[in-house]
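Kindly produce the complete structure, drawing on both the sequences and the hints.
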Amino acid sequence: MDLEGYKKQALQKQKEHKKFLDGLKKKPPRNLDYIVQEGHDEVFSKVDCLQCANCCKTTGPLYTEKDIERIAKHLRMKPADFEAKFLRVDEDNDKVLQNLPCFFLNDDNTCSIYEVRPKACREYPHTDRKKIYQINDLMMKNTLICPAAFEFVEKIMKNLAK
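Under the numbering used here, the sequence shown has 113 at position 113, and the numbering climbs by one with no breaks.
No lab work stands behind these hints, which were simulated from the structure alone. Please note that a few of the clues may not be correct.
[What the hints assert, rightly or not] List of simulated lysine-lysine pairs, DSSO-like, C-alpha gap at most 27 Å:
1. K46 <-> K57
2. K27 <-> K155
3. K66 <-> K78
4. K8 <-> K25
5. K155 <-> K15
6. K130 <-> K66
7. K158 <-> K131
8. K13 <-> K158
9. K46 <-> K155
10. K57 <-> K13
11. K66 <-> K141
12. K155 <-> K26
13. K18 <-> K158
14. K130 <-> K141
15. K141 <-> K13
16. K19 <-> K131
17. K19 <-> K155
18. K57 <-> K73
19. K158 <-> K25
20. K73 <-> K95
21. K141 <-> K46
22. K15 <-> K46
23. K119 <-> K66
24. K119 <-> K46
25. K162 <-> K19
26. K15 <-> K158
27. K85 <-> K73
28. K26 <-> K13
29. K25 <-> K15
30. K95 <-> K78
31. K57 <-> K141
32. K27 <-> K130
33. K155 <-> K141
34. K7 <-> K18
35. K162 <-> K18
36. K46 <-> K162
37. K19 <-> K8
38. K7 <-> K131
39. K141 <-> K162
40. K131 <-> K26
Here it is in structure tokens:
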């Protein structure tokens, strides 16, 4: 997978994508949630995250208290020990990974804690979300990281132009 190529394309299309997403926010089509779900399903029928894992290599998820408790229990650790070993508090006062790539990313791009992974990882890249226009800034960032997010924005632009 050509991640640099995707990033370059996404950077070139930032203005166009932003204008499109801002337009959705101003006047969302009645059937937008349906179009979004359809676009998500279509993109993920073609994209294999295990070929990429760029999100796990370049961005760390936010860890909620529930995430920390669930993952620590899975690893048979105390939540405080899990936090001390893997997490730090960032400038927004969020708990995030100390280092990237993610410690739990295996060499074959699988996740060693997949069944109990953080909520942020389960929802990424947020392309199957209702009222997608509420996360325009996040979607713009995600198009630079995730080829599927880029393809998703392109797909809904095309589908809504019909």
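Legend entry - Pairwise hint evaluation, K158 against K15, where the allowed Cα distance is 27 Å at most: holds, 16 Å
Legend entry - Proposed proximity, K155 with K46 (alpha carbon, max 27 Å): Distance of about 12 Å is within 27 Å: holds.
Legend entry - Restraint check for K155 with K26, where alpha carbons must lie at most 27 Å apart: Roughly 19 Å separates the two Cα atoms, so the pair holds.
Inset, instruction - Please work out if K130 and K66 have their alpha carbons no farther apart than 27 Å. - result: holds, 23 Å
Legend entry - Agreement of K158 and K131 with the hint, judged by alpha carbon distance not exceeding 27 Å: holds, 18 Å
Inset, instruction - Please work out if K18 and K158 have their alpha carbons no farther apart than 27 Å. - result: Holds, at about 15 Å.
Inset, instruction - Quickly compare the C-alpha distance for K46 and K162 to 27 Å and report which way the hint goes. - result: holds, 21 Å
Inset, instruction - Could you grab the alpha-carbon distance between K131 and K26 and see if it respects the 27 Å cut-off? - result: holds, 12 Å
Legend entry - Restraint status (C-alpha distance of K73 to K95 at most 27 Å): holds, 17 Å
Inset, instruction - With a cut-off of 27 Å on the C-alpha distance, tell me whether K8 and K25 pass. - result: OK: K8 and K25 at ~25 Å, within 27 Å.
Inset, instruction - Could you grab the alpha-carbon distance between K15 and K46 and see if it respects the 27 Å cut-off? - result: holds, 26 Å
Inset, instruction - Please work out if K57 and K141 have their alpha carbons no farther apart than 27 Å. - result: Between K57 and K141 the Cα gap is close to 15 Å, so the pair holds against 27 Å.
Violated hints for the displayed structure: none, as all numbered hints are satisfied.
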